[in-house]
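Build the complex: two chains, separate frames, hints provided.
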Amino acid sequence: MTGGTGPQGHGQFHRIAEAHRRPVVIRIDGEPVTALVGDTLLTALLIHGRRVRSSEFGDGARAGFCVMGACQDCWVTTAEGERLRACTTFVRDGLAIVTAGAAEAP
Amino acid sequence: MTGPRVVIVGAGPAGTRAAEVLVRHSLRPVVIDEAPRSGGQIYRRPPEAAGFTRPAAALYGFEAAKARRLHATFDGLLSQIDYRPEALVWNIADRTAYLWRAGRAEAVSFDALVLATGAMDRVIPLPGWTRPGVFTLGGAQVALKHQGCVIGRRAAFLGTGPLLYLVAAQYARAGAEVAAVLDTAPPEAGRRAVPQLLNAAGTFGKGLFYLAELWARRIPVETGVRPLAVLGGEDTVTGLRYRTAIGAEREIACDAVGLGYGLKPESQLADLVGCAFRFDRVTRQWLPETDAEGRAVGVPGVYLAGDGAAIAGADSAELAGERAALALLADFGRPWPALRGREIARRMERLARFRAGLEAAFPFPAEIAQAIPNSTILCRCESVTAGELRRAAREFGATEINRAKAFSRVGMGRCQGRICGPAAAEILAATLGADIESVGRLRGQPPVKPLPAGALAAAPAAGTERT
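Chains as they are written, first to last, in numbering that gives the first Met the number 0: chain A, 0 to 105; chain W, 0 to 466.
So that you can see chain W by itself, here it is in the shape it has in the complex (with noise of 0.2 Å):
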């Protein structure tokens, strides 16, 4: 076969839209997904032939059309590229990929790579979280639209951001009782952020008919809270305290809380290829940096595109992931149409004003974070308390998050520090009084996930048994 040989790591809107653009150019990728249907999270779909029934606009409201087409797309090209589902890219070394994939181990060269990872909830811990019927927000929404499950028969939702408030919304439609709404951010913040909402006027009008939906359901819908503890017993959550915007403690009964502000990109695979990374002081995360076309900096045949790389919404997704592949064939000298390159990037600058007035109308509340209660658990693979990681900056002097890992085992679980590390480094920082971006970021390893025991005996070794 003529061509570079792609590979494209997820199957979402930004995976698929690279997929297809290489795919009208003669290109036969390999996609791998770590699900077993393509539509990454936010256009999952619930599991084929088991039965599932609720129609699309059940499934995805307001966006259905675009799920529908993009599921579309993506089964209209399965028999033009190399699709493997199910698979976890766990490590990428020396242009190969390493699968695991159904009890085995595969490996995959590759001359070009496209990182379509997709996000997760970024989370603040709060005294009681550990306990079983917290989830995150991310985690409420799948529950929902892949199984038909609601985590709790009456869920309280907390934290910030548009996720907050469209998961209440999709629960309250579904039937169930949702406890309450409760959101950090300032209600002052929300009303200046407008002008820049207008930039995607269609997406901003949607968030206010689920806010209209709320009240109209009488769902009480607090802004300006500072959360202060999930009740409960052993394995039972009975309530959430919390204290009002002007200073009151509350506590609702609920058996289910929600949690989440706002998203954090998985970048841990462009890590591990050595991208450069920059520090954005709007989200305050480390994001892996690539030129205005998608190209990663610093490691050339090298793309990401979606909220992998930066979060900005679904629809900036399938817009990003075509323009990676646009600027993958012109740099392996294929011809591509430049007068549509200069088009995704006009409708893309108008959705990142869009996410500036998100963030500003929703701002991650650092403050929060700084003041987890030191007996309260941050990282909950390891159970070390957020007090153990005050106490290792204080008295062995770690001023960086790796040696503050390596002294406190936050982050060095299971999970590689995806759930603890947004709000380990803002306590790191604050301990410290230094600034967040002089703490870094937690680095990733491989694997990225684990994986069963004996599966790293099995992976054949680079140059060996490549398919």
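One chain only, chain A, in its complex shape (with noise of 0.2 Å):
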């Protein structure tokens, strides 16, 4: 795989191409985070980690599915508890993302 940054390999998604943009620092749970402009929230995410969020039915954890905002899988909410669809929304230097806990409907 082509590099990219932050920690790679560990995630459900992974950089094949377009690995050379400028970084930007979001933070997931409160650990920073290093994504690239241009990406959604979800590409940071997953790039990250393997989850998005626990659904609220408590079957287990979810990681989006349509990836163009139609299935609504992957709605986060930030600190400020605003909520995100996480395809549809760009990286933002500061953007603090939490995935445990809540997960109700936006």
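Everything labelled a hint here was simulated from the structure, so no lab data went into it. Some hints here could point you the wrong way.
As the list claims (entries may be wrong) - Computed Cβ-Cβ distance ranges for the label pairs, DEER-style:
(1) 58(A) <-> 297(W): 57 to 65 Å
(2) 451(W) <-> 28(A): 17 to 25 Å
(3) 57(A) <-> 348(W): 47 to 55 Å
All residues carry an ideal CB built from backbone N, CA and C; glycine is no exception.
Given below as structure tokens:
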């Protein structure tokens, strides 16, 4: 796999192109994570890890599904309590996401 | 400004060509699109000004020239249209489109409406499909095209339809490991469809090229399979279990699955404006009804174009967008080129014959949907199992899909049944021993997609604050 930044190899998604973009630092559950400008939040979360949220019905982890804003499986919460659909939101410096706990409807 | 006020929803192949025709005839349409850049899903562009460098040939393969032309057309229209990207049309009522855009509510009134809303994957749930690592085929493609990412180190692709082979070939070509391509279509179906497929010989040829490419790379391609389960742990996929055409059970190792059984129209807005729907027995889908030129049946001034009306592919969508715009011009007493209308009809007729061939080659495997195990999650929004839907049918006598939704919560979640709807209808009909058409279709309702809390309170009332 070509480079990119941040921890590579443990996530669900892997970069195979377009890895030479400006780094953007976001926080996932308080931990700083380096994404690239132009990444969606879903990409950033799944390059870094394997889950986006827990199902509110207790049936396990979820990580999005349609990647095009239709299935509504990838809504996450910011540290400020704002709800974002990860696959249609681009990362920006300082964005802080909380994946644990709250997974209520937007 | 003179002339009808036109709203176009969608900036993919159909929406772009509709806008182009209207601009050429001195109208200035409002073009509303959810994406930040035009192109739709098929010709989706990487984010702007972010340092993405892959050329069109790498992104769109054989279709690079078409993608470039469509993008150039749209970019050339920018000063002549009222373009509202990153905007969700969440409701349409009383000739007004209600938008949510950049954290603000907007309302746009119109005299004529062109719905070019596109399509998404049609899904059949299987045990384990909610695990992280399972994505739609379209989603797998978006990750690659729009983000330069693959959905896993070793992905398997499962389902049926041309997208199955296209995405697998695109992944392989991009350097990803493809574990297998597993097609539920019976092997003889493709051979029988060849005469129809020759109606678009070039496209057929490209399909064969993709297949040859998969073979050349020694990627296992199996037809006639029956999917059994996605295997894995709490947040990992480790494999896929399936039955081969001759009945042998197999497992392949993979860490991601791309899943899809053809496409389905995004027809929620057509529903809200009051379009009539008809059941298409070939694709086993309810489709908004139009006349031969794309006019919505029962709703004057509303036009449908592209895969949002009926799945026919991107080439047909470009023609349909143009055709809908011509019908609109004619209806509003504007001069329009009748000769071009006949040429479009002729070309679309040929593409429709090709499409019939695709449907024959890659039939929707209704029997697989009907046999989803009771314990399998059917509705991933509300975590409702297939068994709970069957129980709603048997014990509460739900004979129609919206009744079954009320009893079981299937289709009641955030996606409004976009994902589970097709399989839910098959299960309900099979449980009742009824014809699929008789169980009806899940109704669209506003907002067609979730809005942030407080957005509805901020929405301008009909008749006020119109822009």
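**Request:** Hint by hint, work out which the structure violates, then give me just those numbers in ascending order.
**Result:** Of the numbered hints, just 1 does not hold.
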